[in-house]
Amino acid sequence: MLCTPFEHTISRRHFLGTAGALAAGGLGGIFSARAAEALKAGNKQVLFVWLDGGMSQLESWDPKPNTLFGGPFRSIPTSVPGTHVSELMPHCAKQMHRLCLVRSLCTKDRDHSSGVARIQRGDPKNRGVPYPFFGSAIAYLLGPTSSNLPPYVVLKEGRGGFRAEDAGFLGPTFGSLAFGDGKPPEDLLRNASLTEAEDQERNALREVFNRRYAQARRPSLTEASTHAFDTAQELMRRSDIFDTSRLPEKDKERYGRSEIGLHMLIARNMLEAGVRFVKVASFGWDTHGDNFNAHASLVPKFDRAFAAILEDLAASGLLQRTLVVAMSEFGRTPRINGHAGRDHWPDAWSIAMAGCGVRAGCVVGATDKLGVSVESTAHDIGSVFHTWYHALGIDSLSHEYKHKGQPLPLAHEEMTPIKEALT
Amino acid sequence: MKAPSGFRRPLLCLLALPLVFSATLSERKAHAMEAATPKSAPVVSDLPAFIDAQIAAKAALAGVPLAPPAEDAEFLRRVWLDLAGTIPSATETRAFLADKAQGKRAALIDKLIQSKEFARRMGEALHIQLMERSGDDPKWLAFLTEAIEQDRPWNEVVRDILAPDFKDEKKSAAAYFVTKRLDKVGSQQTDYPGLTRDIGRMFLGVDLQCGQCHNHLTVADYKQLEFNGLFMAVQNLKLNEPKGELKTKWLSEGLLESKYEFTSVLSGAKSQTGPRVPFGAEIAIPELKGDDAWLVAPDKKAKTDGVPKFSPMRSVAETLTAPENSHFARNIANRLWWQFMGRGLVDPLDLHHSGNPASHPELLERLGTDMKARGFDLRWMVRQLVASETYQRSGRLPHGSAQPEESLFAVALEKPVCAEQFMRSFLRAAGEWERVGEGSSWEGLTDKRHLLKDVQTGFKNAFANAPKEPELRANPSLRGALFLRNNDTVLWALQPRTGNLLERISRISEPAEVAAELFLSVFCRLPEKDEQADLLALLKASADKTKTLSQVLWAMTASMEFFTNH
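Chains as they are written, first to last, in our numbering: chain A, 1 to 423; chain B, 1 to 566.
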């Protein structure tokens with residue numbers, strides 16, 4: 001265990017004590033040019049699709065049909081002439097002109113335990129502090145949008161709740177708010193015993209008491225309370241975006257009647273409602289056994305949902321200012337093991353991106369014939385983080401976090417963005 | 001660790017620590033005698049006056065005026081929350097405000113500090129501080145609570161915590177700190193560096209974690225050696241699953257024969273150390289050969305590990321908690337000060353070092369010395385703190401004054417109300433404590449029964465920090481706001497029901513009396529004139545008096561005046 005955020009933090013309670021810090025400019029001191037960055041990044045948003053366990057690149061973005069390790073599936077042409085993907089992705093194939101595939105990822109982590117966190121934290125080496133997950137970093141760097149909705153929301157299977165540890169050294173304020181099984185957080189809906197008007201009346205009364213209390217006291221605590229209640233109010237007001245019963249049947253059909261389909265559809269609504277960063281997490285991709293049947297079941301669900309949201313974001317114009325990413329913690333081994341499975345393979349794998357700042361309809365890098373190693377320039381996770389920051393208009397090469405007086409880079413300082421992937 | 005306790009005494013002599021040991025033993029005897037008569041004996045100490053003189057001197061030097069003494073109501077709510085873990089009832093508040101006796105504050109402190117509620121509150125506060133919401137265990141909580149009830153010396157308690165006796169079922173509950181903190185985190189099966197760090201943080205006030213790999217970059221006192229001497233003893237522990245008579249996870253120790261070697265990742269320099277309490281002397285590893293090294297030899301057939309004669313962790317526990325260890329005494333003094341005054345004299349609490357001196361160094365020194373002289377009697381120290389003018393100062397400034405530095409303690413600081421205190425206070429304010437907390441008065445009601453443990457879980461989910469996040473400050477959160485706004489239990493408590501607050505005040509016809517009862521019950525004070533006028537205007541305009549009162553009641557319990565201890 002390395003040094004944790006806390007002994008390197010000047011004042012953790014600064015974060016702890018101030019839910020209000022999320023309000024504009026609240027923590028300006030730590031990131032020197034945060035306000036300027038936010039201005040530059042404007043109303044950018046992020047959709048981050050996390051395929052936990054490791055999607056096989058060979059059964060998705062980088063098929064190698066008719067080769068030693070290629071497996072049973074064919075490849076199909078896409079809307080970009082010359083680019084092929086696995087036949088398990090017919091819908092994404094039609095969206096290829098919006099996508100940018102990077103087929104030359106070569107990362108370091110071979111286990112889930114280190115990979116899941118390391119890949120999502122971008123984790124510059126030997127810094128001695130846990131880096132924030134991408135969502136927390138964006139919540140911190142860009143804050144909530146003008147919608148006042150929580151800036152970093154996760155849609156996942158299983159339990160929901162507040163996850164402070166995502167935020168690493170930034171402190172728990174920048175953690176995620178997870179919606180388990182697409183369900184809203186506890187106590188989100190206005191209690192049945194209250195009308196909207198009554199709820200407003202009593203809330204106004206609460207503010208009257210707070211204002212009186214804050215007289216002759218330090219204002220920060222009361223401000224933090226006001227911020228928490230305002231955010232709660234905004235979430236309650238927009239509780240429709242979590243109400244799956246209201247989703248049109250046609251959309252449910254298009255996104256696919258699967259968990260990832262439903263979550264992706266809610267994600268679309270959240271992005272439209274103004275959530276800064278939405279993460280959709282899908283589990284069960286760790287196919288050490290029966291890889292091909294598993295992917296034949298999993299990939300089409302992802303394919304449908306991912307293609308549908310790309311189409312909808314493009315149609316609404318949101319794609320122009322939304323960075324879209326789909327990835328895992330690593331790819332899977334070309335070699336097929338004795339259980340007809342594929343194991344962990346960080347040496348040569350792929351991610352898909354789309355949206356703001358990303359060059360549409362391109363493929364960056366290539367693997368060799370068997371898909372065993374990267375033939376072009378290999379890209380580690382640090383380059384990918386730089387690429388994302390640049391796509392969002394954040395100059396990650398020159399800006400730093402300031403943490404206990406210690407400057408910390410936004411991403412690996414010895415790496416640079418993948419230029420070919422950016423507009 | 002499994003050694004019968006009788007063995008350890010001669011063993012310690014082997015370790016060339018007879019002085020430490022005999023001092024501890026004689027002190028223990030002394031405390032045992034004191035413990036027989038402490039509660040009723042009047043406390044004569046100049047410590048409160050010393051505290052006030054120190055605080056006043058520094059404030060004067062900074063040219064900062066001290067806030068006036070807290071009014072009775074302000075003091076009453078504060079001292080109840082701090083000593084009993086709940087706000088007082090309206091009846092208690094009325095009686096205290098009406099009491100004209102000179103010594104009523106001291107009498108109240110006496111009453112509260114000797115109550116069962118004090119032990120409950122202190123046990124809970126220690127639990128939250130030590131475990132940082134990593135988990136709950138009723139036996140562990142009972143161990144801490146009983147330690148307070150019985151006025152056990154804190155250093156003895158910590159010794160039980162660090163080197164638990166698993167043969168004694170009661171004492172084995174003390175092991176929760178070590179076993180839980182050692183238990184796996186993420187993919188790691190055991191977290192030795194984490195436990196090492198937390199022992200330093202909790203019991204010495206130093207966060208040595210950087211020292212695992214290198215000397216601290218900015219804190220000169222925190223050398224790699226300080227971490228690794230302690231780490232060595234911690235790493236020698238083995239966490240075992242429950243087995244036979246041992247019903248909980250338990251610890252055993254390996255045979256330690258040589259020093260531990262460590263390398264700085266920065267300079268590459270190699271060093272070595274034996275077991276060692278940070279900033280103390282190295283503990284010699286006894287030269288015991290072959291069977292001599294074992295109390296119970298390992299048995300390959302039976303697959304038992306054996307019990308070595310030398311227990312590094314017990315030696316560390318003895319040395320760390322010895323009265324001579326001023327780091328230990330200052331740490332507990334500083335943590336108590338934080339608990340009752342809202343900020344540590346050394347801040348952050350786990351960053352004691354020469355480059356980060358106490359705001360009032362002489363005062364901290366004195367508190368540490370008195371801790372030791374009084375045999376680490378926590379109740380005694382708490383009594384001194386709350387008796388001081390510094391504790392009993394107002395939290396409000398006269399209009400127009402600038403906010404002074406917190407570290408001057410010129411104004412009483414706001415303190416967090418933990419989830420448990422909040423729940424009890426909320427139920428008490430709403431007039432539902434008897435029903436939910438004590439299970440009475442349900443007869444004749446058709447309501448679903450709300451059980452204390454369920455309600456407590458709800459409040460904890462809403463207001464406790466995430467695991468391993470210390471609760472040092474009031475922390476309004478989105479989760480808490482949603483809970484207060486929409487949770488069924490919260491809104492249930494604020495509906496009129498036989499005997500509860502809303503039902504009581506709905507029956508009062510005189511509006512001024514309604515206002516008084518409402519404010520006394522929730523804010524533990526009478527309403528100001530304008531507050532009373534506002535409430536009367538609201539009621540006058542209201543078509544449904546009970547509904548309006550329910551809204552006001554909710555607004556009060558959801559406000560910052562209720563959410564903090566001020």
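Hints listed in this document are in silico derivations from the structure and should not be mistaken for laboratory results. Here the structure is a predicted model, which is why all the values come from computation and not from measurement. Take the hints with a grain of salt, since some may be wrong.
Covered stretches of chain B, going by a simulated chain A footprint (3 or more residues, C-beta under 8 angstroms) [claimed, not checked]:
no.	region
1	110-117
2	170-182
3	465-475
4	506-512
Which bits of chain A does chain B cover? Going by a derived footprint, with three or more residues having C-beta under 8 angstroms, they are [stated by the list, open to error]:
no.	region
5	80-90
6	172-186
7	267-275
8	337-347
9	367-381
List of simulated lysine-lysine pairs, BS3-like, C-alpha gap at most 25 angstroms [stated by the list, open to error]:
no.	chain 1	residue 1	chain 2	residue 2
10	B	K300	A	K125
11	B	K468	A	K404
12	B	K303	A	K402
13	A	K108	A	K64
14	B	K238	B	K170
15	B	K460	A	K125
16	B	K238	B	K139
17	B	K309	B	K223
18	B	K301	B	K247
19	B	K238	B	K545
20	B	K270	B	K167
21	B	K223	B	K167
22	B	K309	B	K249
23	B	K170	B	K116
24	B	K171	B	K223
25	A	K404	B	K249
26	A	K183	B	K460
27	B	K249	A	K108
28	B	K247	B	K309
29	B	K243	B	K309
30	B	K180	B	K270
31	A	K125	B	K249
32	A	K404	A	K125
33	B	K167	B	K303
For glycine and all other residues, C-beta sits at the position ideal for the given N, C-alpha and C.
Pairwise hint evaluation, B/K545 against B/K238, where the allowed Cα distance is 25 angstroms at most
violated, 64 angstroms
So if I understand the rule, the pair passes when the alpha-carbon distance is 25 angstroms or less; does B/K247 with B/K309 pass?
Holds, because 24 angstroms separates the two Cα atoms, which is no more than 25 angstroms.
Within a Cα-Cα threshold of 25 angstroms, do B/K309 and B/K249 meet the stated pairing?
holds, 22 angstroms
Quickly compare the C-alpha distance for A/K125 and B/K249 to 25 angstroms and report which way the hint goes.
Distance of about 36 angstroms is beyond 25 angstroms: violated.
Three residues or more, CB to CB closer than 8 angstroms: is that satisfied between the region 337-347 of chain A and chain B?
With 0 residues closer than 8 angstroms to chain B, the region 337-347 of chain A misses the three-residue bar; violated.
Hinted pair A/K108 and A/K64, Cα distance within 25 angstroms
Roughly 23 angstroms separates the two Cα atoms, so the pair holds.
Could you grab the alpha-carbon distance between B/K309 and B/K223 and see if it respects the 25 angstroms cut-off?
Judged against 25 angstroms, a Cα distance of about 30 angstroms means the pair is violated.
So if I understand the rule, the pair passes when the alpha-carbon distance is 25 angstroms or less; does B/K460 with A/K125 pass?
Judged against 25 angstroms, a Cα distance of about 37 angstroms means the pair is violated.
Is the listed coverage of the region 506-512 of chain B by chain A valid when you require three or more residues with a beta carbon under 8 angstroms from a beta carbon of that chain?
violated (count 0)
Is the hinted pair B/K301 and B/K247 satisfied, with a Cα-Cα distance of at most 25 angstroms?
holds, 23 angstroms
Given the hint that B/K243 pairs with B/K309, test it: the Cα-Cα distance must not exceed 25 angstroms.
holds, 22 angstroms
Please verify whether B/K249 and A/K108 have alpha carbons no more than 25 angstroms apart.
violated, 36 angstroms
The structure does not agree with the numbered hints 1, 2, 4, 5, 7, 8, 9, 10, 12, 15, 17, 19, 20, 21, 24, 25, 27, 30 and 31 stated previously, though it agrees with the rest.
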